[in-house]
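Given the sequences, and given the hints that come with them, work out the whole structure.
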Amino acid sequence: MSMRSEVSLDMSQNPCFFFAADQNYFPYACLAARRVLDVSGPIKGFLLQTGAGAKDLEVGERLLGSAVSILDVSKFMEATNFDPGHLTLATYIRLFADQLPEFEPYDRIVYADSDVLFNRSIADLTHTQLHAPLLAAHDEQSYFDAKYRKHLPMKPGAPKFNAGVLVFNMPLVRREGLLQRTRELSSQHTYGLDQGALNVAFEGRWQTMHPNWNVMTNFSSQISFGKSFARHFTRGKPWSQRSIGVEPEALAIYRQLAKDTPWAGHFARQPRFALKSFTRKLDAITGFLINDEKRKRRSRFDAEQVSRIFADHADRFMMAAQYPERVAGIAR
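So the numbering used here is basically just the index in the sequence shown, starting at one, shifted up by 5.
Derived from the structure by calculation, the hints contain no laboratory data. Cβ atoms here follow ideal geometry from the backbone N, Cα and C, with glycine treated the same way. Treat the hints with care, as some may be off.
[To be verified] DSS-like mimics (lysine-lysine), calculated; alpha carbons at most 30 Å apart, straight line:
no., residue 1, residue 2
1, K242, K152
2, K232, K264
3, K60, K242
4, K60, K232
5, K264, K60
6, K242, K155
[What the hints assert, rightly or not] Distance ranges between label pairs, derived from CB positions:
no., residue 1, residue 2, range
7, R154, S71, 41 to 47 Å
8, G58, E107, 35 to 41 Å
9, Q310, R67, 43 to 49 Å
10, D320, P47, 24 to 30 Å
11, G162, S229, 29 to 35 Å
Right under this line is the structure:
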């Protein structure tokens, strides 16, 4: 494990952030963007959308004001002739950040999924010292579920990042054509869609993000909402019927954000917050009984320990560590 001895292009004095959504996720992207404004200092934002209706657009403009520009990129995306497969074109908007004219003035761009709720100023993230084209968080689930190595053409031991929160160092991204490469890979639909293509294109070219900027509600033991700089609802969504992993305090924030909007009813039910701790306790037994390597690894996984390790890497501005299962204390 070593840091790349590359000169840092510290141009974070000119950052922006953006969300991207189709008509279905547009309300949630608006609320996520509003939350960024509420917890952050002044920073320019964008919400790139396809297909949003007039009423939703009116609500979004009222919530976000001039701080976040809502842009219809439907024609732009259609003109790319990009084949989204079974997903919507909106899923791939982030892969065109190097071609969107609105982003030309910005050297540091933060992208976040619509199901990410920020608790800390996004400006703190944009000012991270960056030595690589990309800043991303390790996908901690990959340390007990390494199936991605079977279908992604990456080096042995290559780590995987989650693409829900990303910081693009745009001068390097443009210089190396990394998003162009990602688009080429995504169009083949053989690398786990956009996230897999991003991992292949940026292999060896991404720096470890502090894990608290992308705390996921996945299959591992869960870091608390209060410790999260940004909570990523990768399992149940705050607006879904099965809100697995959504804490009551997070749902309360969404209710406040959606207050006095047509979207308030999406968050009216009682929270059904549930940790997976009980079933995780059975992993060691069931993993042994059915010889399931994933469950065996997961039984040894300690999210708090792994997060501390990656937080240390982030504090030292390290490139993503190779052989991650050893870093996480999980032997092959």
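Assuming the hint says 43 to 49 Å, is it satisfied by the Cβ distance from Q310 to R67 or not? holds (45 Å)
Holds or violated: K264 with K60, Cα cutoff 30 Å? holds (16 Å)
Given pair status - K152, K242, alpha carbons within 30 Å: holds (25 Å)
Does 41 to 47 Å hold as the CB distance between R154 and S71, or does it fail? Hint holds: Cβ distance 46 Å, inside 41 to 47 Å.
Take a quick look at whether K232 and K264 sit within 30 Å of each other, Cα to Cα. holds (25 Å)
Supplied distance hint 29 to 35 Å, evaluated on CB atoms of G162 and S229: Check passed, 30 Å falls within 29 to 35 Å.
Range hint compliance [Cβ, D320 to P47, 24 to 30 Å]: holds (26 Å)
Does K232 sit within 30 Å of K60, going by the straight-line distance between their CA atoms? violated (36 Å)
A range of 35 to 41 Å was offered for this pair. Does it hold for the Cβ distance of G58 and E107? The hint (35 to 41 Å, Cβ to Cβ) is violated, given that G58 and E107 are roughly 22 Å apart.
Please verify whether K60 and K242 have alpha carbons no more than 30 Å apart. It holds: about 23 Å lies between the C-alpha atoms, which stays within 30 Å.
Quickly compare the C-alpha distance for K242 and K155 to 30 Å and report which way the hint goes. holds (29 Å)
Hints 4 and 8, counting from the list given before, are not met by this structure.
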